[in-house]
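> Here are the chains, one letter per residue:
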Amino acid sequence: MSDTDKKKWLGRLRHGLSKSSAKFKDGIGGIFDKRQLDGALVEELEDFLISADLGVATAARLAQSLADTRFNREITPAEVRQALADEIAAILAPVARAFAVDKAHKPHVVLVCGVNGGGKTTTIGKLAKQFRGAGHTVMLAAADTFRAAAIEQLQAWGERADCPVVAGATGADAAGLAYDALLRAQAENTDVLMIDTAGRLHNRADLMAELRKIVQVVKKLDATAPHDRLLVMDATIGQNAHAQVEVFRDMVDITGLVMTKLDGTAKGGVVVALAEKFALPVLAIGVGEGIDDMRAFDAQAFARSLMGLED
Amino acid sequence: MFDSLTSRLGDIFAGLKRRGALSEADVDTALRQVRVALLEADVALPVVKDLFAAIREEAVGQQVLRSVTPGQMVVKIVHDHLVRVLGGDPAAAKQPAAAGGAINLAGVPPVAVLMVGLQGSGKTTTCAKLGLKLKRRDKKKVLMASLDVRRPAAQQQLALLGEQADVPTLSVVLGEQPLAIAKRAMLTARQEGADVLILDTAGRLHIDSELMAEAAAIAEAVRPTETLLVADALTGQDAVKLATEFNDKIGITGIVLTRVDGDARGGAALSMRAVSGQPIKLMGTGEKLDALEDFDAGRVAGRILGQGDVVGLVEKAAEIIEGEDAEKMAAKMVKGKFTLNDMAEQLKQLRKMGDVKGFLGMLPGFGKIKSQIADANVDSKNIARQEAIILSMTARERSNPKVLNGSRRRRIASGSGTSVQEVNRLLKSYRQVATMMKKIGRKGGAAPPPGMMPPLSPMR
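Chains as they are written, first to last, in the working numbering: chain A, 1 to 311; chain B, 1001 to 1460.
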């Protein structure tokens, strides 16, 4: 990423996050203005982290670690923000990894899954555009054969990103479609094949088994595929994200997370807790509806923006 | 992933003798646990705080009912309070639809129902579900129209769902803007003599002032009798912001909670209800078009508290198990008589549901067992094997598993194509379930205070 690009995306991220961190910032400012850090204040700080969806356990640990070093000392809101941002960035740094297309695979197969409405199809459209921009040939497989007009939605993205879409009829077998798509991608020597799947709640055992079937069928053509298995979730999600990651990971061995809709007021703070617990890389974040609104996840920028800090 | 709140409280209060009234210390100890439970269930923090002030006042000094622990007593008080906040009556076993279920269609037809919400919350699917419900249940003539010109193929999605539900949709004119579509839809509905016009809108962020103004303009033009905020049960702390903003900027008249069939505890429902003051009217409970139910405050309150969704369990079971069988099973559960035959029967039913973990999650007190089952990797195939094991037993063995010695177990293993270890495992889990059933049975008599657990009996 060039410097100007980086500036641009930071600005955009901050634009989205600034709305979400405004309240957060005020909160910390409000409680910590020229105050001594004591037990009651640690508890309130914990509350504010909980309000950002970090979850009870992670919020408590972060608040405690601040207390461990600064207890009984005067502390300013700016110091609190800085300290927490550093702490959060340290947790997120190991999971911030840019999505990389492996040219060794022809094609590099990416399976995209998640619960309904998380933004799978949009994410695929945006990633396809990026891959095309980087000079890769891309093919999309419309394996969401359940939801009405899901195929048409992916086809529209295919047109925007200028890449072919392999599609069957609604109600067709998703695994069979994925197989056909891989066959075609191999024949056409495509660099990247992205498979869109139907949204599914992770507690539906039958639907999860169907997802696993897609993986197994794809393996018949390429034992190493799918090379990436992405779980897409949106920033409004609360603590159920833990259960989602756990089940999807167990079923299809998730290789990375994509967090979407970070342009709203939702903080996506659960990412911090997920990073601690699962250590799965966060490969991209969505910051808008446009085809260019997809970014690599930058731990430092995310943490600083979350805490309302400027560069 | 979460232990049941009662069992957690049970541990805390284990050393405590029962006392006449709840002391401040009792209540505070219990509420600390309840607080964590509510936050883990995604109830927004400010809402939790407001609730607790009221609950604390109510709870301190309350007499602990006989045969109830102080922990259970506090949970009951919290539960009843949540039910009231959610708009229900804690004394009623099943919440009446009037508490927030009924969709207001009063007015000169066609009346408009406007659906709004964030991207991906389930608006389009909910439109079709509501259209089908109004058509089937209320015998209304319904027209649906999509004003979503942003998401690719969104209008097509509603048209296809309309076909599936056999509810007409407004023809799509390429390039037409949302406000114009809304006006044309109203005109068409009037010309065709429709009773209700359901308007689907594009997903929008509540901070997108341009799109929020557009939604407000649409509302101004069609004067809907209902403006429903469609929100996801998986939503976290942001629910507060979301409901406040949609209510302030567009003016909502109710909330539809979607994806209630997931295993999220759904604390967002409580947050949205509390901050917007608007009732939750409907909930989406599945991917099929008939999976839209009237909101049930008692059921959701139980889930938020991690008490198990007993009503949901009963309803789901009743869909599959024949009514009579269900009553027999319930009677057996209450009596604590649970044989291997019953287990085989249950396994068969479970297999039909295809969703063992979700199903067990609905049961009270199954928190721990649920995680054990997750470890044991229970899936439909596994269930079929377990069923085969039981079916390979003689009638006598099934009613009296004590006679199962080594040679019988070997015979059963080869008869069912499994191993002796698997037979042993099955018997072990049978014993666990039987013990659990006995416990539930005992509780089902006097222990749970009224309102804490909806009764098991109305199964049909």
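Take the hints with a grain of salt, since some may be wrong.
Claimed, not checked - Label pairs and their in silico Cβ distance ranges:
| no. | chain 1 | residue 1 | chain 2 | residue 2 | range |
| --- | --- | --- | --- | --- | --- |
| 1 | B | Q1177 | A | A57 | 44 to 50 Å |
| 2 | A | P94 | B | N1341 | 30 to 36 Å |
| 3 | A | F71 | B | T1244 | 15 to 21 Å |
| 4 | B | D1208 | A | P94 | 30 to 36 Å |
| 5 | A | A57 | B | R1184 | 35 to 41 Å |
Said to hold, decoys possible - Just a sample of chain B residues kept apart from chain A, beta carbon distances all over 12 Å, derived:
| no. | residue |
| --- | --- |
| 6 | Q1119 |
| 7 | Q1156 |
| 8 | G1266 |
Derived by calculation from the structure, the hints in this document are not laboratory data. Here a beta-carbon is modelled for each residue, glycine too, at the ideal position from N, C-alpha and C.
> Could you run down the list of hints and mark each one as holding or not?
Hints and how they fare:
{"no.": "1", "hint": "B:Q1177 <-> A:A57: 44 to 50 Å", "verdict": "holds (48 Å)"}
{"no.": "2", "hint": "A:P94 <-> B:N1341: 30 to 36 Å", "verdict": "violated (53 Å)"}
{"no.": "3", "hint": "A:F71 <-> B:T1244: 15 to 21 Å", "verdict": "violated (35 Å)"}
{"no.": "4", "hint": "B:D1208 <-> A:P94: 30 to 36 Å", "verdict": "holds (34 Å)"}
{"no.": "5", "hint": "A:A57 <-> B:R1184: 35 to 41 Å", "verdict": "violated (53 Å)"}
{"no.": "6", "hint": "Q1119", "verdict": "violated (6 Å)"}
{"no.": "7", "hint": "Q1156", "verdict": "violated (4 Å)"}
{"no.": "8", "hint": "G1266", "verdict": "violated (9 Å)"}
When each numbered hint is compared with the structure, violations occur for hints 2, 3, 5, 6, 7, 8.
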